[in-house]
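Asker: Numbering (the numbering used here), first residue to last: 1315 to 1427.
It cannot be assumed that every hint is accurate.
Stated by the list, open to error - Taking CB as the label site, the calculated pair distances span: (1) Tyr1319 <-> Gln1387: 16 to 22 Å; (2) Thr1408 <-> Gln1384: 31 to 37 Å; (3) Asn1317 <-> Lys1367: 32 to 38 Å; (4) Pro1321 <-> Leu1343: 29 to 35 Å; (5) Gly1402 <-> Val1381: 15 to 21 Å; (6) Asn1395 <-> Thr1349: 37 to 43 Å; (7) Gly1333 <-> Ser1401: 17 to 23 Å; (8) Lys1367 <-> Ile1340: 30 to 36 Å.
Bear in mind the hints are in silico, worked out from the structure with no lab data behind them.
Keep in mind that this is a model prediction, so the values were computed, not measured.
Just so it is clear, CB atoms sit at the ideal spot from N, CA and C, and this is done for glycine as well.
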Amino acid sequence: MPNLYPPETIADGVKSSIGWNTWPIIRDLVDDVFTVTEDEIKHATQLVWERMKLLIEPTAGVGVAAVLSQHFQTVSPEVKNICIVLSGGNVDLTSVTWVKQAERPASYQSVSV
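Please construct the entire structure, taking both the sequences and the accompanying hints into account.
Answerer: As structure tokens, then:
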């Protein structure tokens, strides 16, 4: 399925399209979708860099941003198994011009990793 309106984002991995074989699985098995802002992606990525000392790419920061979001705080406590894939093979440090350009969300101030 072609992505007719790819997002403008630092998270290159989410600019791609969903495959024809993947869409039915998502449609049938995914219960909820979380959206995050560019600032949340940036700060989640930086949080992992600074606190965990892992060099992840911004696409990996999307999952971290989602679990740190206010929306995720409303998820039922029965949801206990969360997996976030942290990848970093596509990080080009010369292109990381967005570091420290956005205000850190309040929900990130007291995060311990």
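Asker: If a hint holds in the structure, say so; if it doesn't, say that too.
Answerer: Verification of the hints:
Distance hint check: the CB atoms of Tyr1319 and Gln1387 are about 29 Å apart, inconsistent with the given range 16 to 22 Å. Between Thr1408 and Gln1384 the beta carbons are some 34 Å apart, a value that agrees with the proposed interval 31 to 37 Å. Separation of Asn1317 from Lys1367 is about 33 Å and conforms to the stated range, judged on CB atoms against 32 to 38 Å. For Pro1321 and Leu1343, the Cβ-Cβ distance of about 23 Å falls outside the hinted range of 29 to 35 Å, so the restraint is violated.
About 18 Å separates the C-beta atoms of Gly1402 and Val1381, a value consistent with the hinted range of 15 to 21 Å. Between Asn1395 and Thr1349 the beta carbons are some 22 Å apart, a value that contradicts the proposed interval 37 to 43 Å. Between Gly1333 and Ser1401 the Cβ separation comes to about 18 Å, which falls inside the hinted range of 17 to 23 Å. Taken as a hint, the range 30 to 36 Å holds for the pair Lys1367 and Ile1340, whose Cβ atoms sit roughly 33 Å apart.
Hints 1, 4, 6, counting from the list given before, are not met by this structure.
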